[in-house]
Amino acid sequence: MVPNKDIVPDERVEPICKKFVNARYELLPYIYNLAHQAYASGIPLIRPMWFAYPGDAVAVRTGSQYFLGESLLVAPVTQKGATRWDVYLPEGGWHDYWSDVKYSGGKVTTVDAPLDSIPVFVPDGSIIAKAPIAQFVGTHPKTDFDDLTIEVYRGADGRYVLYEDDGISMDYQRGKCSETTISWQDGSETIDVTGTSQMFSGKERNIEIVLKPGNQRKTVKVKYS
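The sequence shown finishes on residue 512 if you use the working numbering, and the numbering steps up by one all the way, no holes.
What the hints contain is simulated information worked out from the structure, not anything from laboratory work.
Positions of the beta carbon are idealized from the N, C-alpha and C atoms, including for glycine.
Where hints are given, some of them may not hold.
Pairs of lysine-lysine, PhoX-like flavour, derived with a Cα cap of 25 Å [what the hints assert, rightly or not]:
| hint | residue 1 | residue 2 |
| --- | --- | --- |
| 1 | Lys429 | Lys367 |
| 2 | Lys306 | Lys389 |
| 3 | Lys389 | Lys505 |
| 4 | Lys463 | Lys510 |
| 5 | Lys417 | Lys499 |
| 6 | Lys429 | Lys417 |
| 7 | Lys490 | Lys510 |
| 8 | Lys505 | Lys417 |
| 9 | Lys394 | Lys508 |
| 10 | Lys389 | Lys417 |
| 11 | Lys508 | Lys429 |
| 12 | Lys508 | Lys490 |
| 13 | Lys417 | Lys306 |
| 14 | Lys490 | Lys463 |
| 15 | Lys463 | Lys508 |
Restraint-style ranges between C-beta atoms, simulated for each label pair [stated by the list, open to error]:
| hint | residue 1 | residue 2 | range |
| --- | --- | --- | --- |
| 16 | Arg504 | Thr481 | 16 to 22 Å |
| 17 | Asp444 | Phe307 | 38 to 44 Å |
| 18 | Asn493 | Asp458 | 23 to 29 Å |
| 19 | Pro302 | Asp433 | 24 to 30 Å |
| 20 | Gly489 | Glu378 | 41 to 47 Å |
| 21 | Ser328 | Gly454 | 32 to 38 Å |
I would like the entire structure built from these sequences, with the hints used as guidance.
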C-alpha cells in the first residue's frame, strides 16, 4: 500500500510513548515483585477496586479503575478528547503519581487528564521500588545487586518487602533470591531497611530513599545476611 502523503504523522505520539516506556522500566522492580507475588499466592498484578476496598460501596461499583499492585491506582481515560477526568479516591490521603499533588479521599475528584498522562494515584504509606531507566533488561546472571531507589509516600506507616532473583534461571524455585524489607514510621519519619540474600550473602548495598512529597533524598547502606 502506498502511504497517503496528505496524512501528517502526529508528532505528539513518539514522546508520549517514550514517557510510558521509561515509566515501565523504572517500575520493573515493583512489577517483578508483583509477578513473584502472583506466582507464590495467585494474587493478580492488576486488581479491581473491590479487591482493595471490599467494604467501600462506591469502590465496589467503580469498574473503570484498577490497582496495579497495592500502591498504584490507575484511572484510564476512556472518552475520546477528554482533558479532565473523574477519579474516585477511597478514604485516606492520596498522591498524584506524576506531580505529587496531595488529595483527600472518600469522594470523586476531577483531575487534569491531558493526552500525555494517565491519572495514577498512590495512597499514603505506600513504598515503591524503582530502577534506573534502561533500554533493555539483562540477559546474563547477576553478579551483584542492581541499583535501587525506594520511594516512600508520607502520611501513614508503611511496610514493603522487595523480592529479587537473577531474572534468568530457575534458581528461584530453590529459594535463591534476595529480600529487602523496608519499614516506615510516619510519626517519627524514620525508616528501617534490612535484607537477606541467598545470592549475595554478606554483601552491602547502597539504596537511595526518596521521601514524598518533597523528594527529600538520603542513602542507606544495607548489609544482607
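Here's how the hints hold up against the structure:
1. Between Lys429 and Lys367, the direct Cα distance comes to roughly 44 Å. Violation of the 25 Å bound is thereby established for this hinted pair.
2. For the hint linking Lys306 to Lys389, the alpha-carbon distance of about 22 Å falls within 25 Å, and the restraint holds.
3. Taking the CA atoms of Lys389 and Lys505, the gap is about 22 Å. The hint holds against a cut of 25 Å.
4. In summary, the hint linking Lys463 to Lys510 is supported, as the alpha carbons are separated by about 17 Å, within the 25 Å threshold.
5. Distance check on the hinted pair: Lys417 and Lys499 sit about 14 Å apart at the alpha-carbon level, within 25 Å; holds.
6. Straight-line distance between C-alpha atoms of Lys429 and Lys417 comes to about 17 Å, which keeps the hinted pair within the 25 Å bound.
7. Among the hinted pairs, Lys490 with Lys510 is consistent with the structure: their alpha-carbon atoms are about 6 Å apart, no more than 25 Å.
8. Note on Lys505 and Lys417: the hinted pairing holds, with a Cα-Cα distance of about 15 Å set against a maximum of 25 Å.
9. Restraint check for Lys394 and Lys508: not satisfied, since their Cα atoms lie roughly 40 Å apart, outside the 25 Å limit.
10. Pair hint Lys389 plus Lys417 holds up; C-alpha atoms about 21 Å apart against a cutoff of 25 Å.
11. Straight-line distance between C-alpha atoms of Lys508 and Lys429 comes to about 20 Å, which keeps the hinted pair within the 25 Å bound.
12. For the hint pairing Lys508 with Lys490, the CA-to-CA distance comes to about 10 Å; that is within 25 Å, so the pair holds.
13. Taken as a hint, the Lys417 and Lys306 pair is honoured in the structure, with Cα atoms around 15 Å apart against an allowance of 25 Å.
14. The straight-line distance between the Cα atoms of Lys490 and Lys463 is roughly 15 Å, inside the 25 Å bound, and the hint therefore holds.
15. This hinted pair checks out: Lys463 and Lys508 have alpha carbons roughly 22 Å apart, not beyond 25 Å.
16. At about 20 Å, the CB distance of Arg504 to Thr481 agrees with the hint of 16 to 22 Å.
17. Separation of Asp444 from Phe307 is about 31 Å and departs from the stated range, judged on CB atoms against 38 to 44 Å.
18. Restraint check, Asn493 to Asp458: a C-beta distance of roughly 25 Å satisfies the suggested window 23 to 29 Å.
19. Checked against the given bound of 24 to 30 Å, the beta carbons of Pro302 and Asp433, roughly 27 Å apart, stay inside it.
20. A C-beta distance of roughly 44 Å is found between Gly489 and Glu378, which places it inside the suggested range of 41 to 47 Å.
21. The hinted range of 32 to 38 Å is not satisfied by Ser328 and Gly454, whose Cβ atoms lie roughly 20 Å apart.
The structure is inconsistent with the numbered hints 1, 9, 17 and 21, although it conforms to all the rest.
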